[in-house]
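Since each chain sits alone in its own frame, please combine them into the complex, following the hints.
If you want the building blocks of each chain, they are given just below.
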Amino acid sequence: MNVRSTEPELRALKMAGLDGDAAAHKALLETLSNQLRAYFKGQLGHFNRSPVEAEDLVQEALIAIHTRRESYDTSQLFTPWVYAIARYKFLDYLRRTKTSIRDLPIEDAEGVPTQDDQVHVESSLDLNKLMAGLSPKVRQAIQCVKLDGLSVSDAAVRCGMSESNVKVSVHRGLRALALQISKERQP
Amino acid sequence: MKTDQLIDMLSTNVEPVKSGQLGKTLAWGLVIGGAASFCVMFATVGLRTAATGVSHMGYLALKVLFMLSVIGMGTGLLIKLIRPGQDGRKLFRLMFLPFLAAGFAGIVALALEPSAAWDRMILGTQWAMCLFCIPLFAIVPFSVLIWALRKGAPTNLKRTGAIAGLVAGALGATAYAFHCPDNSLPFIAIWYGAMVVLCGWVGAWLGPRLLRW
Numbered sequence: 001m002n003v004r005s006t007e008p009e010l011r012a013l014k015m016a017g018l019d020g021d022a023a024a025h026k027a028l029l030e031t032l033s034n035q036l037r038a039y040f041k042g043q044l045g046h047f048n049r050s051p052v053e054a055e056d057l058v059q060e061a062l063i064a065i066h067t068r069r070e071s072y073d074t075s076q077l078f079t080p081w082v083y084a085i086a087r088y089k090f091l092d093y094l095r096r097t098k099t100s101i102r103d104l105p106i107e108d109a110e111g112v113p114t115q116d117d118q119v120h121v122e123s124s125l126d127l128n129k130l131m132a133g134l135s136p137k138v139r140q141a142i143q144c145v146k147l148d149g150l151s152v153s154d155a156a157v158r159c160g161m162s163e164s165n166v167k168v169s170v171h172r173g174l175r176a177l178a179l180q181i182s183k184e185r186q187p
Numbered sequence: 001m002k003t004d005q006l007i008d009m010l011s012t013n014v015e016p017v018k019s020g021q022l023g024k025t026l027a028w029g030l031v032i033g034g035a036a037s038f039c040v041m042f043a044t045v046g047l048r049t050a051a052t053g054v055s056h057m058g059y060l061a062l063k064v065l066f067m068l069s070v071i072g073m074g075t076g077l078l079i080k081l082i083r084p085g086q087d088g089r090k091l092f093r094l095m096f097l098p099f100l101a102a103g104f105a106g107i108v109a110l111a112l113e114p115s116a117a118w119d120r121m122i123l124g125t126q127w128a129m130c131l132f133c134i135p136l137f138a139i140v141p142f143s144v145l146i147w148a149l150r151k152g153a154p155t156n157l158k159r160t161g162a163i164a165g166l167v168a169g170a171l172g173a174t175a176y177a178f179h180c181p182d183n184s185l186p187f188i189a190i191w192y193g194a195m196v197v198l199c200g201w202v203g204a205w206l207g208p209r210l211l212r213w
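Protein chains in written order, with our numbering: chain A, 1 to 187; chain B, 1 to 213.
Source of the hints: derived by calculation from the structure; they are not laboratory data.
Certain hints may be false.
What the hints assert, rightly or not - Each pair of labels, with its calculated beta carbon distance range:
#	chain 1	residue 1	chain 2	residue 2	range
1	A	Leu77	B	Ala27	22 to 30 Å
2	B	Ile32	A	Pro80	14 to 22 Å
3	B	Arg212	A	Arg139	22 to 30 Å
4	A	Arg95	B	Val31	32 to 40 Å
Each residue gets a CB set at the ideal place from its N, CA and C atoms; glycine is no exception.
Just chain B, same shape as in the assembly (with noise of 0.2 Å):
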């Protein structure tokens, strides 16, 4: 095939192209993925409705705002990322701030406490229940927001995906919230941070393999 020919066919009928498509494509996925892992909670698990008060209605508002900082954050990253010449360095350095942020508080909640009662704070009452949900609920979450990141163009596929991980762990992580019973700041440091890690780690694993173009 020559060149010239080519680019012949590629600009005969130019379609107008929309500006911010790909944006709202990216916000679709986020509500759609978002929808999708409360579903799959409500399925399973179901919401916790037993356990109300001041004390656990403080921890889950905690718990959401850590995951949105992850999300939201990640979302402004991921929107750089598929558009190529755009790596976003900068803010990808500050994703990690939020899982600081909870480690140290962690750790300040766990010094205050006497030593006898850390087991307690650390494992709570369903530790496993956590391990294995968050993961389950991101699933879904994460194959929408491939399925948007596709329609861009990401040059840093291994990037992309582990931010697209942690952002699908972080859904995940926002709908377990909904049912877990552990308030505590170890508990959410711990396996929250720790399984939307893995997510990322996971994403940064898929991403190549999946977002190619």
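For reference, chain A alone in the conformation it holds in the complex (with noise of 0.2 Å):
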């Protein structure tokens, strides 16, 4: 991943989205998505694997920054810790995906794009299918608040629930989806 250059200018993304600033949130994740494409799909040449699956495993990388962004500590740098979450999924993926290091043909391990900026990739995921597998309460809040966009307390209106309530079914339903995107690409 070349993100050397960019440490300082991601690192001041991911302190304001830490604060709730959505739009530096966003620049963060599409920044960040570019990067991750380019290191699996890197990754994956090694083991001979397709671009789409490197798309699932950028989508699932995203949702793991997004849903575990508290546990990133201020007074670290912000690289190693974007480096560390990718590298555990991307190990976690070849477990379930039950590949092993000697798979690799060496003459294949070479010519891999390493830069690539197709926003527009699509992964295998379908997410009306994966909403589906949540549970009702959490699948409405996250309907409301993070696709049609409506704040937390005009969502606690229409779902006729409290907003602390809200908040916490739309961080559990987006923990929740990232866990089922790691079930459907089991074997």
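Next up, the structure:
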């Protein structure tokens, strides 16, 4: 991951995102998605896997970066935090899909594209299908706050829940989505 | 699903994050787990009130000190382990120190006594009870710690599980110390040490199964 030059900018975006700045958070996730894509494609290339898998991993890592965002220690560098999450997700993916280091045909480990800015690549995941696996309450909260863009107080009125209940439901729901994604990919 | 669609979803209505929340959760986990293991001790074997005196209190303090050093270091390590990118390798190596110190003290104490007294010093009166109670008292603290750790993002699951096991075992051993009638250094080193290490070993095995995210 070529992020050494961008560490200060990314860290600034991350800090603003932690304070609740949605635009900064979005900019951060967009920049990271490109870097993660390059990283995962490079890694998958070593294992002779397809780019669709890279997109799955990018999305899984983005969800982790979002739902576990409080695990970043603000006194530390930002890049190692992202890298550790990406690496964790990649190793977890390999374990899940039962690939081992021995599967690598050494003559194929070359000519891997390392830069790619296609934001419109689709993963194999279907959001609607994933959402269907959530409990009705959690699904409704995510629909209101994350998809329809209602404020938490408006969503609370529409769903008939308290505001803190909406917040908790959204947080739980996103983590549950991440879990479903990893289950979905189990062979 | 398109990636920019996902990013839109994730960055809609971003809530501010309070810092220090993870540390607080972990601290609560320790308090609740520790209290629970004392409750289990009271409910099963009970507090030892008959044995008092300076020597008994001294050994009790030693046991608690040994266990507190494991709990203290382990907690410091767990705080690092739930944050991706910090592996706390240095602190992990130091985790062995309390066990080495206890083992050394045990050997010295044995060397100072004639070998005829060794059996009594090592086995005490209730070594089997110790074997059974420490892991039993560690079950609740271990569950609570795992719950707290799952709020974070541990990337080394085996190590995180092992440390959680050690801390839970040490909490269980602290509770057991208030019942334990056996006062000798080799006893503490062998049975307390071994049982806490066993809890750590079980934790290392369970970690990857319970902490995955």
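Hint check for B/Val31 and A/Arg95 - Cβ pair distance inside 32 to 40 Å: Given about 34 Å between the Cβ atoms, the range holds.
Range hint compliance [Cβ, B/Arg212 to A/Arg139, 22 to 30 Å]: holds, 23 Å
Assessment of proposed distance window 22 to 30 Å (beta carbons of A/Leu77, B/Ala27): holds, 25 Å
Range hint compliance [Cβ, B/Ile32 to A/Pro80, 14 to 22 Å]: violated, 32 Å
In summary, the one numbered hint that this structure violates is 2.
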